[in-house]
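Turn these sequences into a full structure, and let the hints steer you where they fit.
Numbering-wise, our numbering puts 944 at position 98 of the sequence shown, and it's gapless, one number per residue.
Any given hint might turn out to be false.
[Unchecked claim] Simulated restraints, written as ranges between beta carbons of each label pair:
no., residue 1, residue 2, range
1, M892, R872, 49 to 59 angstroms
2, A942, R1035, 20 to 30 angstroms
3, E952, S893, 33 to 43 angstroms
4, R1034, S878, 48 to 58 angstroms
[Unchecked claim] Straight-line alpha carbon distances no greater than 27 angstroms define the calculated DSS-like cross-link-like pairs of lysine-lysine that follow:
no., residue 1, residue 2
5, K1011, K950
6, K955, K1007
7, K1050, K950
8, K1011, K927
9, K1066, K989
10, K950, K919
11, K1007, K927
12, K927, K995
13, K989, K955
14, K989, K927
15, K919, K956
16, K1066, K956
17, K956, K1011
18, K927, K956
19, K1011, K989
20, K1066, K919
21, K1011, K995
22, K955, K1050
23, K927, K955
Hints in this document: simulated from the structure, not taken from any laboratory.
Note that the structure is a prediction, hence the values are computed from the model and not measured.
Glycine included, each C-beta is placed from N, C-alpha and C at the ideal position.
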Amino acid sequence: MTFRRQRGLTEQAATAAVDQACRMLRLPTIRSQFPELAATAEREQMSYLGFLSELLLAECDDRGRRRSERRIKAAGFPCDKSLRQFDFDANPNIDAAVIHTLAKCEWIKKSLPLCLIGDSGTGKSHLLIALGTEAAMAGYRVKHVLATKLVNELVEAADEKQLTKTIARYGRVNSLCIDELGYMELDRRGAELLFQVLTEREEKNSVAIASNESFSGWTKTFTDPRLCAAIVDRLTFGGNIIETGTDSYRLATTRARAEHQAAAG
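Here is the structure:
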């Protein structure tokens, strides 16, 4: 379909032409915002070039936002967690400057690992999701998965002779966020399959993990000492280790809220 360009269109006809052109060119933001932007341009006496730049930048900004939303959705985060929501004052073990430096995603660009180690309620899962979200917003492909879910998926894939494809799929994302590593003991087969995923990603793409066990306690999860040592090596070499401590600020917050309610009552 071609447009017959005419001079001297009425404002109504021009509006209809812009609307139709935006539909054909798939420019939804310009289509929805051009009346308001046109009115602003007229009021502020913008040049034609200035008006055109406002239209195109609005479209680019909105497309970037939608791409970020798609990457965040594809990551499979179990809930919405951001660094803005994190209470650094509640956990002095966590250096806010270090976390905000990690949020710049240089470690992902360099394909380095990240380990968040600490007891339940100390904020490691929150930080794992928040840093993963920052990476998705920065344009990286991210995948979040629980350690047990990942291992179960790998075992099923091996049984169905789909292991190579599954490992390749997990190998392609820029940052693989593995949560709750260390909560359950893995049998040798499961541990070996997880090791294959880590090996596939080594020095190619980053891995971020959250664990409630210190590295010395990982022998309870990976019962083969050599395999355990190899996995620890994959997850720590050249990477960042953040220790979130042992005091649950989540529990402390719950207690403080209960005490406040009791005092108020």
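So, going through the hints one by one against the coordinates:
| no. | hint | verdict |
| --- | --- | --- |
| 1 | M892 <-> R872: 49 to 59 angstroms | violated (25 angstroms) |
| 2 | A942 <-> R1035: 20 to 30 angstroms | violated (41 angstroms) |
| 3 | E952 <-> S893: 33 to 43 angstroms | holds (39 angstroms) |
| 4 | R1034 <-> S878: 48 to 58 angstroms | holds (57 angstroms) |
| 5 | K1011 <-> K950 | violated (31 angstroms) |
| 6 | K955 <-> K1007 | violated (32 angstroms) |
| 7 | K1050 <-> K950 | holds (19 angstroms) |
| 8 | K1011 <-> K927 | violated (30 angstroms) |
| 9 | K1066 <-> K989 | holds (26 angstroms) |
| 10 | K950 <-> K919 | holds (20 angstroms) |
| 11 | K1007 <-> K927 | violated (36 angstroms) |
| 12 | K927 <-> K995 | holds (20 angstroms) |
| 13 | K989 <-> K955 | holds (16 angstroms) |
| 14 | K989 <-> K927 | holds (15 angstroms) |
| 15 | K919 <-> K956 | holds (24 angstroms) |
| 16 | K1066 <-> K956 | violated (31 angstroms) |
| 17 | K956 <-> K1011 | holds (25 angstroms) |
| 18 | K927 <-> K956 | holds (24 angstroms) |
| 19 | K1011 <-> K989 | holds (16 angstroms) |
| 20 | K1066 <-> K919 | violated (33 angstroms) |
| 21 | K1011 <-> K995 | holds (17 angstroms) |
| 22 | K955 <-> K1050 | holds (10 angstroms) |
| 23 | K927 <-> K955 | holds (22 angstroms) |
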